[in-house]
Amino acid sequence: KELVFDIDMTDYDDVRRCCSAADICSKCWTLMTIAIRILDRALREDFGFHHLLWVYSGRRGVHCWVCDDAARKLSVAARSAVAEYLSLIKGGEETVRKVVLSDPIHPFINHSLSVVERYFCQYAIVEQDILGSKESVDKVLALLPEDILSFPEEKNPMKRWDRLCTLSSIKKGGQYFDKEIMLQYCYPRLDVNVSKGVNHLLKSPFSIHPKTGRISVPIDLKELNTFDPFEVPTISLICEELERPRADEAEDDDVKDKENEQEAGERRRIRDYKRTSLAKYVKVFDRFLEAMARSRKGEMLQKSDLQKDF
Amino acid sequence: MKDVTLSSFSKLVVQTLSRFAMQFPGRRKKLIGSSQNDLYDHCLQFYGQPPLENISLTEFETFAVERLKLLKTVENLGVSCVKNSEQYTKKLDAEISSLNFPQKAELGGISEYEKRRKDHISHFILRLAYCQTEDLRRWFIQQEMDLFRYRFNDLHSKHKTDFLHKNNLKYETVSAEEKKSLQDKLIASSYGLSGTKVEEHDVYKVPFQDALDLVRTRKVYLLAGNAYIPHHEIVTIVLNDFRTRLSKALAMTARSLPAVQSDERLQPLLSHLSHAYVGQDYSIQKNIGKISLEQIDALSGKSFPLCMRHLHKALRENHHLRHGGRMQYGLFLKGIGLSLEQALQFWRSEFVKGKVDADKFDKAYAYSVRHMFGKEGKRTDYTPYSCMKVILSNPPSQGDYHGCPFRHSDPELLKQKLQNYKVSPSGINQILELVKGMHYQLACQKYFELTHNVEDAGFSLNHPNQYFTESQKLLSGGRDIKKEVDMSQRSQENPASVTRPSQANSKQAHEEMGDLDSFFQDE
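Sequences listed follow chains Y and H, in order.
Heads up, the first sequence is in the UniProt record's numbering, so the first residue is 1 and it goes up one at a time.
Heads up, the second sequence is in the UniProt record's numbering, so the first residue is 1 and it goes up one at a time.
Any given hint might turn out to be false.
Unchecked claim - Partner residues are not named here, just some residues of chain H that face chain Y (Cβ under 8 Å, in silico): (1) Leu-223; (2) Ala-298; (3) Leu-299; (4) Lys-302; (5) Ser-393; (6) Ser-397.
As the list claims (entries may be wrong) - Think about it this way: if two alpha-carbon atoms lie no more than 30 Å apart in a straight line, the pair counts; the simulated DSSO-like pairs of lysine-lysine are: (7) Lys-313(H) to Lys-179(Y); (8) Lys-222(Y) to Lys-139(Y); (9) Lys-171(Y) to Lys-436(H); (10) Lys-170(H) to Lys-90(Y); (11) Lys-139(Y) to Lys-185(H).
To be verified - Covered by chain H, per the in silico footprint, the following chain Y stretches (three or more residues, Cβ under 8 Å): (12) 79-89; (13) 295-303.
Hints listed in this document are in silico derivations from the structure and should not be mistaken for laboratory results.
This one's a predicted model, so the numbers in the text were calculated from it and none came from an experiment.
Ideal placement from N, C-alpha and C gives every residue a C-beta, glycine not left out.
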């Protein structure tokens, strides 16, 4: 069974201000982008997996399907270990400070931080405005051990953040506070239980989400920055698109014999999706499958070579 | 107690145990021809080869009981101290020594040989007792691993290498160039690793699947699916190996077990051994239906341990609990005596007040409640979680209310909560001290004492349902009365037992088993 990951926006409710529960918007979607970049890198570079399919869940999150042979053969203990390696946010309702960093900082954390840093200012300071109102500032300050600072005069959130970073670097023992805050607000939160279980069910790609009607489509990582969950086709859209008259295929019908009619019908059905918005997503999926097929062929050739089986 | 070599009985044991030997024909031949010294040439072993000798029933029992005492100590220390801290090592060292098990690599002649032999045989006997269920196997493997880890770490570096060689454990080492290029990353991933250490000592490269403990805690550098392990962490890999072998061996033992269990002399000892540590698991429901749903609110304040009080409150406030919370709390309620019908009513009435309508409840959540009671799926009658399980597994994350508040809550928040529950400031401080020392169950016991206004809880807490039962006993004035009744019963029984004429083997064995309990009363 594939190794899977489920990132759900509701798990970030304590750190996003724009939405809560099942709602998402373009502002908090950045969290998913960050999550995908961090996890994709780690799964490929640290764990050596090659065949990853990222899928939009249809409403408020993303899933990752790791389909390498080695991944599919992992034991429950191994899956749980991978999930925990990837977890930095520890604690539930009762924990205020959910990220604690100490020396030495593992390379994985450094890699993840560099991703978060790319997005943090725009996402957290500007869009989420975490250092704007008193309420949100207090929430940030609650993550620091004592009242090490407040912002009586400085109103500009970006300058406030700069001040926090400076103070963090000079305070003895406080060198990682700014990093911890960045991670607590942005680092991916995955549900370990989903990844652990060999029996755990996960929504299939291309299925339809019952609440939104959106199709659970694969995400092209090359276009990750421009992915918009609100542009994802819904089932009603697809039906609409299928209803449109098939002008360009009218000639085909005239030319076919009776014998080929059935074949033609099938070919038409198979081509149908190409007229819909699903086309580009199916291409992503096809590319993913082709890569897997190539690598499997390569492995089998290797195996047969070893067995001297010509 | 008879001190006679019972050849037919021991033949049976040997028969069973020798089925394991079938796996290693080569080694077995070597074994038969070797001298005493070769047999136990290292103080530590993988227990690959079962013992092939006759032993007396006395030795059989003593060895088993003493090893069990040792493993139980390992378990207790694992919860109450930080593993490998000074306190832990001192206490474990003392226990190993007092029970006459081998420690360090002393080659002290006959007595050392005897200790190693005891180590060897007792391990295999306990395999028989602990192979039968998943829970027992898991427990046994966990303690044996902790013991092995302790003993391995205790060895001198030379003896560690000896051990690896003797057991044919060859791990791939990393080339000098690769080490150099990865040096910074290696130092940043492993605690206590310096540049010189990397240069001088071997670094091993194993597939990450073989180093799960290090991966899980992110204590190792990973690249392209391989874990890069410095020499001083090699114990983790060895442990993994140990666990895999033991796990397989236990599965095999379970299959051969019926033959052993048919022996009347062995059967009572083995089953008593495996129940001794568990004590009450509250799996069998007593008092079903004695509690009414209306009483639960009041009971949660009076007799629930903090974790369940917390869960109950969250459920009432949010009209919802996530899976972890439903399991922990739901099974607890089953343990205090709620029937399936009551449970369904309880959960439904609460969830319906929230966002879940009655239909959805029946479709989605009712199934899981019935599942808890063993009425769905594989029909396992799940047992309520012990404190150990709550503390050690499935830590809560965002949106969760389960777990142990003494373990999983921020001390500040815990303090606030205790203040809300009107616990005295000095009491709160005592509790926080215990939490700081990681004595979570003792902290909960203290909470019991403070909320029930008693000096001494009078029991050693290891299960939330135990907390409830003890609380109810105390509140209904039952406890003191019960003590007196017990005493008078005992004094009545004694003269009777003396006059009992003949003592059949099994009966005698049974009474002796009674004494075993005193070995395992918690200190």
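Q.
To test your reading of the hints: which numbers does this structure violate?
A. 2, 3, 4, 5, 7, 8, 10, 11, 13
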